[in-house]
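Going down the list, the protein sequences come from chains R and X.
Position 6 of the first sequence, counted from 1, bears residue number 6 in the numbering used here, the numbering being contiguous throughout.
One gets the numbering used here by counting positions in the second sequence from 1 and adding 1000 to each.
Just so you know, the hints here were simulated from the structure itself, not pulled from any lab data.
Every residue gets a Cβ at the ideal spot worked out from N, C-alpha and C, and that includes glycine.
Among these hints, one or two may not hold up.
[To be verified] Just so you have them, the derived chain R footprint on chain X, three or more residues with Cβ under 8 Å:
1. 1048-1054
2. 1094-1107
3. 1123-1129
4. 1140-1149
5. 1154-1166
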Amino acid sequence: MKLSYHYLSLLLSFIILSSRGMVYTQNKNIVEMPIVFSIPAIALVDFAGSDKRITFISGKGAEQIITPSTLDKTWINYSSIVDGKSTNSISVNFSSGNIPAEIGIKLDVGQDAGAGAGSTGKPIGQITLTPYPQEIITGIGSCYTGRGTQKGHQLIYSWEWLPPYDFDHTSIDNIEISVTYTLTTAK
Amino acid sequence: MKKKLLVLSIALLGSLFGSHVMGQNQNISSNSLNLGMPELSLLSASSTPINLVLTTSVAGEAVLSSISDESARLKISSVITSATRTLSASVSAVPAGTTLTLQAKAPIGNNFGGTQGEYAAAQTLPITGSATIITAIGSCYSGTAANDGYVLKYTWGLENPATTYGQVRATGSGVTVTVTLTLTAAI
């Protein structure tokens, strides 16, 4: 009994001693790196067009000065990134200028020209401009229209002479009216 | 006292004999050394998150089509027996409508020694499986200074704007994902 105990401890110490000379492989062959992706929400509107009497103020709410000759010479461009829970829409209203009582201004918005990509909005159809914002393009998701004329949606203004229109048409040439377009989030 | 004297004189005699110089003809001796070099497969990377942002500030334009970052370094220690190693990578997730690519480049630190391997072109990182980034890595070390190690170029971009831009979503404060880099394990 005593002999086997000595034998065992001898064997154990032999194993311990011999293992000191053993060679181990080393592995820490996998690493992880954190990466943070960010895409901020975007809602930008601008105009493009050939009418020299138009001034553009770009931004989230963009202002356009229209005259009786503006007609269909301008285009609205926009960029939009939504967060997935909402879509954006563009509304329009008069922001300054006096409109003679005999005049009504109608606005029709064309389909997106397809120069960009993504979920561009759908025009609602012809509306009559008022001082109060009305939606004109809805269902805008993440998209961009491209920048410039023939890109985005064509804006088609038409001036109506409400009866009785017995005044001199040339007198309206100097009328300038500010129209503001606002890209907003519809929850 | 007599005994002490005897021991002393024996020691003296011995030292005299020991310093006696004799002609020796056996001018080759052999020692048996057991040299062990384990296989090594070690990686480390900085844990500072890499921030990638896609956005635009111009109405009508898309967000940046891609953005790159080359700040990450991958440090390595590798000892091979015979088979070379490969470095492969995968990513935990990427935002919809986007892809993440990775390209490893030669170290620009001065401390690299050994066989770097061969660099693949930029690879799209998959969520399942992995993409091969470097092949034929031999025995090498990168050094441990801040700029040492393989240069990792991450590029985050739009997958295919014409078809998938509408899937892109705003991320709020950012989405953190994990890139996993794996070096072939040591045997």
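Status of each hint after checking the structure:
Restraint check on the stretch 1048-1054 of chain X versus chain R: 6 residues with Cβ-Cβ distances below 8 Å, three needed, restraint holds. For a cut-off of 8 Å, the count of residues in the stretch 1094-1107 of chain X with a CB near a CB of chain R stands at 5, and the three-residue condition holds. For the stretch 1123-1129 of chain X, the stated coverage by chain R is violated: 0 residues have a C-beta nearer than 8 Å to a C-beta of that chain, whereas at least 3 were required. Against chain R, the stretch 1140-1149 of chain X contributes 0 residues with a C-beta closer than 8 Å to a partner C-beta. That does not satisfy the three-residue criterion, and the hint is violated.
For the stretch 1154-1166 of chain X, the stated coverage by chain R is satisfied: 7 residues place a CB nearer than 8 Å to a CB of that chain, which reaches the threshold of 3.
Going through the hint list in order, the structure does not satisfy hints 3, 4.
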